[in-house]
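First to last, the sequence lines map onto chains A and B. Counting in UniProt numbering, the first sequence runs from 1 upward without gaps. Counting in UniProt numbering, the second sequence runs from 1 upward without gaps.
Hints listed in this document are in silico derivations from the structure and should not be mistaken for laboratory results. We treat Cβ as the ideally placed atom computed from N, Cα and C, and that holds for glycine. Hints may be right or wrong, so weigh each one.
[Said to hold, decoys possible] Quick list of in silico lysine to aspartate or glutamate cross-link-like pairs, DMTMM-like style, CA-CA up to 20 Å:
#1 Lys105/B <-> Asp206/A
#2 Lys48/A <-> Asp21/B
#3 Lys125/B <-> Glu149/A
#4 Lys45/B <-> Glu149/A
[Stated by the list, open to error] Sample of chain B residues facing chain A (criterion: CB under 7 Å; computed from the structure):
#5 Val56
#6 Ile57
#7 Glu61
#8 Ser65
#9 Ala109
#10 Ser110
Read off the chains here:
2 protein chains.
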Amino acid sequence: MLYLIGTGLYYLNDLPLRAIDVISSCSEVFIERYTNLNDITFIEKLKKITGKNIEVIGREEVESSFITDKAVDKDIALLIPGDPLAATTHFSLVEECYQKNIAVKIIHASSIFSAVGETGLSIYKFGGTTSIPIYTENFHPESFFDTIEKNINCDYHTLVLLEVRDEKNFVKPIEAMKILKTIEEKNNKNIIKWDSVIVLSQLGSDSQTIKIINEKDINNIKPPCAVIIPG
Amino acid sequence: MLYLIGTGLYYLNDLPLRAIDVISSCSEVFIERYTNLNDITFIEKLKKITGKNIEVIGREEVESSFITDKAVDKDIALLIPGDPLAATTHFSLVEECYQKNIAVKIIHASSIFSAVGETGLSIYKFGGTTSIPIYTENFHPESFFDTIEKNINCDYHTLVLLEVRDEKNFVKPIEAMKILKTIEEKNNKNIIKWDSVIVLSQLGSDSQTIKIINEKDINNIKPPCAVIIPG
Chain A
1 MLYLIGTGLY YLNDLPLRAI DVISSCSEVF IERYTNLNDI TFIEKLKKIT
51 GKNIEVIGRE EVESSFITDK AVDKDIALLI PGDPLAATTH FSLVEECYQK
101 NIAVKIIHAS SIFSAVGETG LSIYKFGGTT SIPIYTENFH PESFFDTIEK
151 NINCDYHTLV LLEVRDEKNF VKPIEAMKIL KTIEEKNNKN IIKWDSVIVL
201 SQLGSDSQTI KIINEKDINN IKPPCAVIIP G
Chain B
1 MLYLIGTGLY YLNDLPLRAI DVISSCSEVF IERYTNLNDI TFIEKLKKIT
51 GKNIEVIGRE EVESSFITDK AVDKDIALLI PGDPLAATTH FSLVEECYQK
101 NIAVKIIHAS SIFSAVGETG LSIYKFGGTT SIPIYTENFH PESFFDTIEK
151 NINCDYHTLV LLEVRDEKNF VKPIEAMKIL KTIEEKNNKN IIKWDSVIVL
201 SQLGSDSQTI KIINEKDINN IKPPCAVIIP G
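Based on the sequences and whatever the hints tell you, model everything.
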């Protein structure tokens with residue numbers, strides 16, 4: 001059996017209370033955090049509460065058969081930031097389990113997809129979601145703009161997730177805005193309402209900020225970040 | 001101070017672990033469940049764990065100043081099914097707090113808005129959400145169809161929430177389908193891919209079902225339910 005357990009929006013102890021018994025009952029417990037820069041300072045306490053070692057694993061282990069091989073004849077838990085299947089990354093684990101005839105159980109947790117309600121915008125009025133990756137010399141995708149344009153045409157807001165690799169290596173909201181402005185100008189579009197773009201930083205944490213974008217005060221912004229383009 | 005604490009998708013102990021300390025520290029603790037038919041059998045245990053009485057309150061108390069009046073000079077917690085601000089219902093409490101100068105803190109929890117990832121559909125590809133209310137003799141709204149149509153035109157999936165009042169009084173998926181078919185025929189539209197509509201029942205629970213709709217096996221379906229119209 002494989003348990004995919006969400007640890008929620010920001011803090012490791014955002015995980016659901018009922019996950020504690022599940023973790024305690026598993027043979028081996030793993031946690032990944034390469035998909036999100038959440039706070040895992042609670043990990044030592046969680047080890048004590050559950051009586052389990054909790055091993056931090058990286059992309060290589062998650063994307064290999066490392067986890068599912070173990071889950072063939074043992075109960076294994078994988079802790080995942082946010083809600084386990086909100087990003088497509090972890091669905092391949094579920095598919096692998098189907099192929100290997102391993103039962104899978106998901107324990108859901110909080111996620112930015114519903115926490116955006118904190119902006120005051122109706123969550124019913126969000127269209128498709130997109131993301132802006134870290135640009136490198138030869139990697140300048142622009143497809144996220146199509147989603148934003150489609151949403152604006154439908155009067156939908158767009159949640160734009162900004163890639164984060166570590167505390168220094170992430171897409172800053174101000175960079176995201178520059179990228180979007182450049183694409184807008186290049187294509188002679190004038191669709192984004194720039195004075196009402198919302199910036200989210202560390203949503204769900206005690207240090208969260210939710211602000212209308214302003215060049216001055218977003219220089220010291222901390223990841224993870226997202227922006228909302230209102231529809 | 002007012003704490004709005006999500007109890008998550010289905011079970012009361014889907015609430016975040018860190019909510020336990022917050023509940024324990026509050027002067028008074030309330031729980032509402034009129035917005036969702038979740039399972040609160042864990043309530044007696046939660047009272048013991050936190051050492052607090054937890055009073056179930058109804059729509060009248062939530063929509064009056066009952067809660068915010070108390071939060072002016074005391075720490076009050078309100079437990080809310082799902083993620084606190086996913087529905088607009090509770091945002092008016094936040095607005096009231098702003099007006100009365102009361103600090104508000106949200107503790108997010110799991111929600112159907114991200115749990116739909118369990119269908120295998122990408123959560124990035126969902127457009128706006130809508131809901132179908134219980135029809136009465138003089139109440140036959142059709143506006144939810146506009147959202148579905150807009151989404152299909154954009155290749156977006158639609159999450160359609162079905163109203164639930166109690167275990168017997170709720171919109172059954174089969175009724176929702178009939179309503180949608182009638183509206184489609186009346187307007188000479190032929191846009192819904194009927195053979196791939198997905199029905200969700202009690203998502204996040206041990207008895208959850210996720211099925212392609214089929215008239216035979218959805219008669220005994222249990223609430224809360226939702227349907228997904230694929231884009």
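Against the structure, the hints come out as follows:
no.: 1; hint: Lys105/B <-> Asp206/A; verdict: 9 Å, holds
no.: 2; hint: Lys48/A <-> Asp21/B; verdict: 17 Å, holds
no.: 3; hint: Lys125/B <-> Glu149/A; verdict: 14 Å, holds
no.: 4; hint: Lys45/B <-> Glu149/A; verdict: 49 Å, violated
no.: 5; hint: Val56; verdict: 19 Å, violated
no.: 6; hint: Ile57; verdict: 21 Å, violated
no.: 7; hint: Glu61; verdict: 21 Å, violated
no.: 8; hint: Ser65; verdict: 20 Å, violated
no.: 9; hint: Ala109; verdict: 5 Å, holds
no.: 10; hint: Ser110; verdict: 4 Å, holds
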